[in-house]
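Residue numbers for the sequence shown follow the numbering used here, beginning at 1 and rising by one.
FYI, nobody ran anything at the bench for these hints, they're computed from the structure. Don't take each hint at face value.
Distance condition first, Cα-Cα at most 16 Å in a straight line; then the derived EDC-like pairs of lysine to aspartate or glutamate [said to hold, decoys possible]:
#1 Lys494 x Asp425
#2 Lys252 x Glu217
#3 Lys494 x Asp521
#4 Lys252 x Glu285
#5 Lys252 x Glu221
#6 Lys252 x Glu224
#7 Lys494 x Glu458
Label-pair restraints from in silico Cβ distances [claimed, not checked]:
#8 Ile578 x Ala547: 21 to 27 Å
#9 Pro427 x Thr258: 37 to 43 Å
#10 Glu217 x Gln407: 53 to 59 Å
#11 Asp87 x Ala138: 29 to 35 Å
Since the structure is predicted, the reported quantities are computational estimates derived from the model, not experimental observations. Here a beta-carbon is modelled for each residue, glycine too, at the ideal position from N, C-alpha and C.
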Amino acid sequence: MLRRLRDQLVIASTMTLFALPLLAVPGQAEAQDGQRFRVMIPNMQPTDDTRARFGERVANNLRGGIDLDRHVGMSERDMDRAARDYDMRARDLDCTLARQLAALVEVQLVMCGEYQREGDQLRVNASFWTVPGNEEYAVEPFLVAENDERGAMNQILQSFEVMVEQVQFVAYCAEAYASQNWESALGYCTQAVEIAPEVQSARIALAGTYMEMEEYERSLELFEGVLAADEWNSDVLVNAGYAATQLGETEKARTYYTRYLEINPGSTSVRAQVAFDLAQGGDLEGAMTFIQAGLEENPDDVGLLEYYGSFAFRLAVERQSFAPASQDGEMDPEIAALFRDASETLMQVVELEGEESNPSYVVNAIRAYLQLNENQEALRTAERGLQIFPEAANIWSEKGTVHNRLQQTDEAVAALQRAMDINPDLPNIRARMGNFMVQAGRLDDGLPYLRQAIEAGEQTPDQVANMIFADAHTNGIRDDRDLAYGIRRLELAKNELDVSTEWRQQLDFWHGYALFRLAIDRQEPSTVQSAQAALPQFQRSRELLRAGQPYVQRTNVLQFGPLMENVDRYIEIQEAIIRRGR
1 MLRRLRDQLV IASTMTLFAL PLLAVPGQAE AQDGQRFRVM IPNMQPTDDT RARFGERVAN
61 NLRGGIDLDR HVGMSERDMD RAARDYDMRA RDLDCTLARQ LAALVEVQLV MCGEYQREGD
121 QLRVNASFWT VPGNEEYAVE PFLVAENDER GAMNQILQSF EVMVEQVQFV AYCAEAYASQ
181 NWESALGYCT QAVEIAPEVQ SARIALAGTY MEMEEYERSL ELFEGVLAAD EWNSDVLVNA
241 GYAATQLGET EKARTYYTRY LEINPGSTSV RAQVAFDLAQ GGDLEGAMTF IQAGLEENPD
301 DVGLLEYYGS FAFRLAVERQ SFAPASQDGE MDPEIAALFR DASETLMQVV ELEGEESNPS
361 YVVNAIRAYL QLNENQEALR TAERGLQIFP EAANIWSEKG TVHNRLQQTD EAVAALQRAM
421 DINPDLPNIR ARMGNFMVQA GRLDDGLPYL RQAIEAGEQT PDQVANMIFA DAHTNGIRDD
481 RDLAYGIRRL ELAKNELDVS TEWRQQLDFW HGYALFRLAI DRQEPSTVQS AQAALPQFQR
541 SRELLRAGQP YVQRTNVLQF GPLMENVDRY IEIQEAIIRR GR
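Between the sequences and the hints, there should be enough to build the whole structure, so can you do that?
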């Protein structure tokens with residue numbers, strides 16, 4: 001299974017902060033200039049016709065003014081040397097070029113600024129940019145006199161100190177998140193978002209922390225806050241989609257995932273992971289939609305086909321379980337289409353990959369055809385699967401089910417026997433062979449398999465008794481279909497199986513009931529001969545019914561008193577007929 005994409009993306013979005021050594025954090029590399037980190041400060045730029053001299057002087061003052069315990073301004077000479085190494089000059093650096101140069105020479109912070117005239121003063125806008133994290137820490141815009149370069153420097157320096165505190169918590173947040181210390185990450189990242197609300201990496205890390213703590217509602221809220229400012233942030237889109245999926249907000253999840261895949265249309269692995277997340281969140285239909293779009297571009301992509309076929313089968317089974325029973329026995333056309341999609345797609349995977357594919361795909365394809373009542377197609381699929389996987393016990397087992405559906409009992413049992421030879425631990429394999437025989441009315445042939453099932457621990461004696469009883473009741477006792485048949489099976493269960501007291505009582509009751517109904521038929525001529533034949537059956541019936549009385553009391557299957565009165569009355573009638581005949 002693919003590694004969860006969201007893990008990779010959330011971590012990727014926060015790890016860049018570790019390249020920003022603006023404070024002492026555990027495990028950090030040694031600083032430049034001893035223990036201090038350099039700050040690159042290009043000349044501030046006018047945005048109108050204001051003289052450039054102001055910006056040059058403010059920048060120069062800042063280079064000398066940033067002389068703190070952990071930070072030092074990069075001198076103009078050092079900046080110019082670095083620029084010339086890349087065919088540039090310091091005086092030509094704007095904010096973009098300065099940040100590019102800083103990345104090349106491993107300087108982790110750049111201060112950029114611009115200004116313009118406003119009345120008789122200058123409005124100054126400045127920002128500190130982290131490198132390579134590319135996070136902006138903006139200085140509150142301010143007004144200053146045109147000749148007050150030192151005042152401008154002081155205001156920026158004050159903002160710099162605030163910015164250092166912000167970066168400190170953002171970096172601690174990133175470190176705690178990357179180390180998967182979720183309690184610490186929750187604390188640090190919450191503080192980072194509070195004091196640096198404009199820093200999106202802290203918000204992303206906090207959202208990711210909530211997601212890891214399975215607080216998906218809060219996580220999604222934070223991710224959506226980031227997307228409000230940057231709606232095409234691919235890392236955040238996929239994580240927002242995952243959080244929405246966990247909350248069951250399928251429409252939101254599809255929206256975010258769709259937008260993500262618009263950015264990464266050719267990524268098959270990402271599409272598969274997105275579909276997997278949707279399926280895990282219960283949106284199988286949405287998962288299939290995403291896979292189908294990928295198959296339109298790559299119709300033979302095995303990975304996408306595997307997902308599509310598996311999701312189609314799961315969705316068909318799920319919908320079928322909730323679908324109301326059809327009066328005409330016909331399957332809902334949409335569910336039928338899903339089963340057909342599943343069978344055809346899964347077999348396409350098998351044909352493409354051969355023995356490298358999964359035999360369970362053949363099994364699910366067979367089951368899909370069985371649900372469609374296309375038994376011959378199910379058999380053909382099983383035989384094709386066994387050509388590719390001749391030793392696949394699960395395919396042989398499913399082939400047995402198909403033969404049984406076709407009323408080919410011997411072939412069904414033979415297929416299950418082959419499956420058991422390959423894998424003796426297949427669940428209920430012996431019980432199924434016995435049950436197939438029982439269903440075919442061949443209890444004597446099935447009994448050895450049922451005994452094996454008990455010995456192997458597949459079934460208890462009570463479970464086997466239930467199997468025999470179901471056949472006896474359905475095909476013999478119910479509606480007096482074949483009372484003799486039902487009695488024979490109940491007697492066999494009682495004689496051959498060491499059942500519990502409760503099951504003995506149930507078998508005795510129905511045995512007695514069947515005898516009673518059979519005796520009623522026998523006594524109908526009301527002759528001495530018929531009475532003599534029926535009386536022992538009525539008497540035996542009474543004994544068995546009394547033995548089964550606790551079963552009737554437990555289940556309230558019928559009114560026991562009136563039944564016994566009826567039995568006694570028939571016994572009295574038979575005895576009277578016999579006396580009269582004498």
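What hints, given by number in increasing order, does this structure fail?
Hint check: 1, 3 and 7 fail, others pass.
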